[in-house]
Every structure is written in C-alpha cells, then in structure tokens.
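Participant: Between the sequences and the hints, there should be enough to build the whole structure, so can you do that?
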Amino acid sequence: MERWDCGKVNRHVFLDRVTALIGSLMAGKDRFFSRSVQSGGFSHNIQNVDLRISGLREGQHELKAVSPEGDLKAAYYVAQLRGRGYPTIIYHHGSGEDPFDFRWFAKNTFKGIFMDAEEPPEANIIAVRAPFHGSSLREYMQNISYLSRFVAMLSVSVVLIDKLIAAIKEEMDTAAAVSGISLGGWVANLHRSYFNTADLYIPLLAGAALGELFVCSGYRKMAGRPALANPDKIREVLNFEEEFRRIEDDNVFPLLGRYDQFIQYPRQKVCYGERKINLLEKGHVTSAMDTSSLRDHILSCMRGFDGDEG
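Numbering (our numbering), first residue to last: 75 to 384.
Any given hint could turn out to be false.
To be verified - Straight line, CA to CA, 30 angstroms or less: simulated BS3-like cross-link-like pairs of lysine-lysine: (1) Lys181 x Lys103; (2) Lys138 x Lys237; (3) Lys237 x Lys295; (4) Lys147 x Lys295; (5) Lys181 x Lys147; (6) Lys243 x Lys138; (7) Lys243 x Lys103.
To be verified - FRET-style restraints, in silico, Cβ to Cβ: (8) Phe179 x Arg332: 27 to 35 angstroms; (9) Ala191 x Glu355: 34 to 42 angstroms; (10) Met363 x Met100: 13 to 21 angstroms; (11) Arg85 x Gln121: 38 to 46 angstroms; (12) Thr271 x Arg349: 13 to 21 angstroms; (13) Phe179 x Ser367: 31 to 39 angstroms; (14) Met363 x Gln121: 32 to 40 angstroms; (15) Gly133 x Asp247: 21 to 29 angstroms; (16) Asn325 x Glu136: 24 to 32 angstroms; (17) Arg85 x Gln112: 38 to 46 angstroms; (18) Phe179 x Arg212: 12 to 20 angstroms; (19) Glu136 x Arg177: 15 to 23 angstroms.
What the hints contain is simulated information worked out from the structure, not anything from laboratory work. The model shown is predicted, which means the values in this text are computed figures rather than measured ones. Every residue gets a Cβ at the ideal spot worked out from N, C-alpha and C, and that includes glycine.
Facilitator: As structure tokens, then:
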C-alpha cells in the first residue's frame, strides 16, 4: 500500500499518531465506513440536496435538509453581522467539532480563530455546522460508519454554504470567503469544485484527494475493515481532484502542515498545482491548535478584500 514518509518522528508526527490510535480505540466498531462502503458520489448527492435557510440575522439557525439519506439536521450561526461594505467569512468546522460550543474547554476551532481573537475581524462571520454534529460524538461515529451518510453530510454542508452565499450576494451585495479546517477544508474545496460562487476559498489542512485520508495516511486507523479492503472504492467516491482541477479561477489559498500525518503534504499539495501554499512546520493536531497562525492566514488572504462588489 502506498505511504508517504514525512521523515523523522518529531512531536508533531507523534501527536498525530497518538491521536489516531486513541481515536480508533474510542471508536471501537464505529469506525469510518465500517458498516458500508456503498455510496453515490458527490455530484449525485449535491444535486439531490434540498434545504432552505432562514435569513442572515445574528444568532443560531437550525434547518432540515432533504438528502439521498433522508432528512438531515444542519445549522448555521451568524456570529457577527457588520452588514454592507464588509466581506463575509463562512467557516466550517472540523470532524467531531461543535462550532456552537463556546465553553472554555470545548474542542472548537471556530471559537479559537474568531471568538477568542483580541479584536474581531472587520467582516461578517458565519459558522456552519454539518449534520450529525449537533449531539453526541457517539451518534456522529455511528452515522459515519456508513460511507453514504458521510457523503450526504458533506453534501448538505456544501449546499448550505451555497445558499448562504446567495443570500449574502442578494441582501448585502458583498464578497464572500469560504474557509474551514480539515473536514471543513474539504467542504470548502468541494464547494469550489461544484459551485465556485464564493469570491475566495481558504481551505485549512485539506486538499481534493479525500479518499487518501482513509486508505493510506496515518488516519487509516480510524477506517473500518470494509474501507481498508476496498481502497479503490473509497477513492472513487471521495476523491474529487478532477472536478477541483477544472476550476481555473485563481481564488484558492490553502494552508497545510509539513508533518501532517492525516492530510499529508506530499500528496495533497499536488491537488493545488502551481498555486502557492502556506506551509506550517507542524502536524495536523499542532496546526489545528495554532489558532493564531490559522487566523493570520485567513485574515492575510482577506486583505484587499473590501467586500463591496457593487
């Protein structure tokens, strides 16, 4: 099986490997795609998601999405609404995160990047919460043991983001940027691949070869036996490099970690071609913990983005 060697084992590599090991032990039988690897692709799922949003007023908005996997619950949180003349940042969380949990000990990159900043960004800020992330971690793991539900989950987030962008353009006529970390970074790149209606994409710790995460990275410990036994199927369903590559607009500004054992730099950098990549000298866990660097990257990409398209 193809592997990528990051070189020496440093603390960044070590933390990623330990995190994957602990996660696999906690997941037990409910590992990724442990019950089924049958699924339609992203194109089919995205085309068959139907949902409505309830406007852009500040606060939390719950919604129901119709999907090929039935009705799924999703949500978004308008954390800061500056209005016209300001760009909008739509942020999507990582796997297992609840972006609306603002307790001090919560695993929440949205809180770390935006809510804990000394000075809030001069922007409208919206957090998106994917299906299966509004309750317990156990419920999340049970659902993602089916590849079809994992694909539907991502597809709902992609369509929700597109609905938000349409509302931003209509109600405020301002520019929109889509960012997210890990799972959220894949969502950002999927939105670019299938809609490309945002003005800017800032994926953190993600590429377009999503299947590789589960079949040949350090994260494969989190994959169930059916997934490991069917790597070509996982790649067929989850990799979207061709769709991503078809978008020629120079509107994506990624951040990756050199020692990331999950979103492996040598493999995922290929997805971005000759585009410049901001590279942290860290692993997946240590990059995600470095919220100041993540914030700096997002805000540096936003500079010169006055938000007014009119």
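Participant: Is the distance from the Cβ of Phe179 to the Cβ of Arg212 consistent with 12 to 20 angstroms?
Facilitator: Given range 12 to 20 angstroms: holds, Cβ gap about 19 angstroms.
Participant: Compare the distance between the alpha carbons of Lys243 and Lys103 with 30 angstroms, and conclude whether the hinted pair is satisfied.
Facilitator: 44 angstroms, violated
Participant: Has the hinted range 27 to 35 angstroms been met by the Cβ atoms of Phe179 and Arg332?
Facilitator: 29 angstroms, holds
Participant: Range hint 24 to 32 angstroms: satisfied by the CB atoms of Asn325 and Glu136?
Facilitator: Holds, since Asn325 and Glu136 (Cβ atoms, about 30 angstroms apart) stay within the stated range.
Participant: Going straight from one Cα to the other, do Lys237 and Lys295 come out at no more than 30 angstroms?
Facilitator: 35 angstroms, violated
Participant: Do the Cβ positions of Met363 and Gln121 conform to the proposed distance bound of 32 to 40 angstroms?
Facilitator: Hint holds: Cβ distance 37 angstroms, inside 32 to 40 angstroms.
Participant: Within 13 to 21 angstroms: is that where the Cβ-Cβ distance between Thr271 and Arg349 falls?
Facilitator: About 19 angstroms separates the Cβ atoms of Thr271 and Arg349, which means 13 to 21 angstroms holds.
Participant: Regarding Phe179 and Ser367, is the given constraint of 31 to 39 angstroms on their beta-carbon distance met?
Facilitator: For Ser367 against Phe179, whose Cβ atoms are near 21 angstroms apart, the range 31 to 39 angstroms is violated.
Participant: Take a quick look at whether Lys181 and Lys103 sit within 30 angstroms of each other, Cα to Cα.
Facilitator: 23 angstroms, holds
Participant: Has the hinted range 38 to 46 angstroms been met by the Cβ atoms of Arg85 and Gln121?
Facilitator: 44 angstroms, holds
Participant: Look at the Cβ atoms of Arg85 and Gln112 and judge whether their distance stays inside 38 to 46 angstroms.
Facilitator: 39 angstroms, holds
Participant: Taken at face value, is the distance from the CA of Lys237 to the CA of Lys138 at most 30 angstroms?
Facilitator: 13 angstroms, holds
Consistency with the previously given hints fails for numbers 3, 7, 9, 13, ordered from lowest to highest.
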